[in-house]
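Undergrad: Under UniProt numbering, the letters of the sequence shown match residues 1 to 286, in that order.
Some hints here could point you the wrong way.
Under the rule of at most 20 Å between Cα atoms (straight-line distance), these lysine to aspartate or glutamate pairs were calculated in the EDC-like manner [as the list claims (entries may be wrong)]:
| hint | residue 1 | residue 2 |
| --- | --- | --- |
| 1 | K195 | E241 |
| 2 | K195 | E210 |
| 3 | K238 | E264 |
| 4 | K21 | E241 |
No wet-lab data here; the hints were simulated from the structure.
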Amino acid sequence: MLSGVEYLREESYSYLDMLIKRAGKAHVIGVTGPQGVGKSTLIGQVAKALSSSGRRVGVITVDPTSPFSSGSFMGNRVRMNGLDKVFIRSLATRGFAGGVGVHAALLIEAMDGLGFDEIILETVGAGQVDTDVMHMAQTVVVVLAPGVGDDVQALKSGLMEIGHIYAVNKRDLPESERLVQHVNFALSLRGGEWKPRLVLTAAQVGEGIEELLLALREHLAWLGSIGIDESLRRRRRKLLELLLIKRAVEAVEQALRISEERVEEFARGTAGLREIVSEIAREVKI
Numbered sequence: 001m002l003s004g005v006e007y008l009r010e011e012s013y014s015y016l017d018m019l020i021k022r023a024g025k026a027h028v029i030g031v032t033g034p035q036g037v038g039k040s041t042l043i044g045q046v047a048k049a050l051s052s053s054g055r056r057v058g059v060i061t062v063d064p065t066s067p068f069s070s071g072s073f074m075g076n077r078v079r080m081n082g083l084d085k086v087f088i089r090s091l092a093t094r095g096f097a098g099g100v101g102v103h104a105a106l107l108i109e110a111m112d113g114l115g116f117d118e119i120i121l122e123t124v125g126a127g128q129v130d131t132d133v134m135h136m137a138q139t140v141v142v143v144l145a146p147g148v149g150d151d152v153q154a155l156k157s158g159l160m161e162i163g164h165i166y167a168v169n170k171r172d173l174p175e176s177e178r179l180v181q182h183v184n185f186a187l188s189l190r191g192g193e194w195k196p197r198l199v200l201t202a203a204q205v206g207e208g209i210e211e212l213l214l215a216l217r218e219h220l221a222w223l224g225s226i227g228i229d230e231s232l233r234r235r236r237r238k239l240l241e242l243l244l245i246k247r248a249v250e251a252v253e254q255a256l257r258i259s260e261e262r263v264e265e266f267a268r269g270t271a272g273l274r275e276i277v278s279e280i281a282r283e284v285k286i
């Protein structure tokens, strides 16, 4: 049924409406950061810890699109093996700017309505900020690691502006101390009521996970204390609305391109009017 929701099949609309009415209780956690920093491994450790404590956890991973099938490479799911009690859904990027799109937004709403306590969204590590994460998630975790590309450049790419929690992963590497200093300096320049947390982790061996969980709980409690939790959910649904509008516009544009070709055929007498109208109607799929 979730596949029907993700792809907006006709039979799934009533089911999705029901789930959206029930949604609003899940803590949606966005995890972003450059490629190779260990996001999937870290998410696996967090999901395992939450699930072990009795929480119902869902993970949405946005993988690079396969050039052969337009499906995801499933690499993230492979790196999270052993999470039997955690629901994991892998999505292909499908060319969406920013890495996440309407499919991820629909799944978040559906999983929220199904009663998941935490929904973790991992975005494509494309080296640039995935701004959609800010609108889909209540809490944004930025994962960094020493020795992965130009970590200083990563700090300048906008990542230091969107995170509520910063996890310096692979803390056992000798370069981690330098990265921590850079992160601390960048965070010292930020204003706002919430003071971003910095935690050091070594996801491969499970170190720093409790500290990260504590930071997540603290941020969720802070959101509740200032009363903006509900406004963040409304913002998420506004993004979904905009994504659906964009999808509709793209469908109409595609139909118009087809109509131009068919009008030429109609003018030459090689295509009938009924055939043209039927094809355009089929093409406008929302």
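Undergrad: All hints, please: hold or fail.
TA: Going down the list of hints, with the structure as the test:
1. Distance restraint check for K195 and E241: the Cα-Cα separation of roughly 31 Å exceeds the 20 Å cut-off, and the hinted pair is therefore not satisfied.
2. Using a Cα cut-off of 20 Å, the hinted pair K195 and E210 holds, with the two alpha carbons roughly 19 Å apart.
3. The suggested pairing of K238 with E264 is violated, with an alpha-carbon distance near 40 Å, which exceeds 20 Å.
4. The straight-line distance between the Cα atoms of K21 and E241 is roughly 15 Å, inside the 20 Å bound, and the hint therefore holds.
Of the hints listed earlier, those the structure fails to meet are numbers 1, 3, in rising order.
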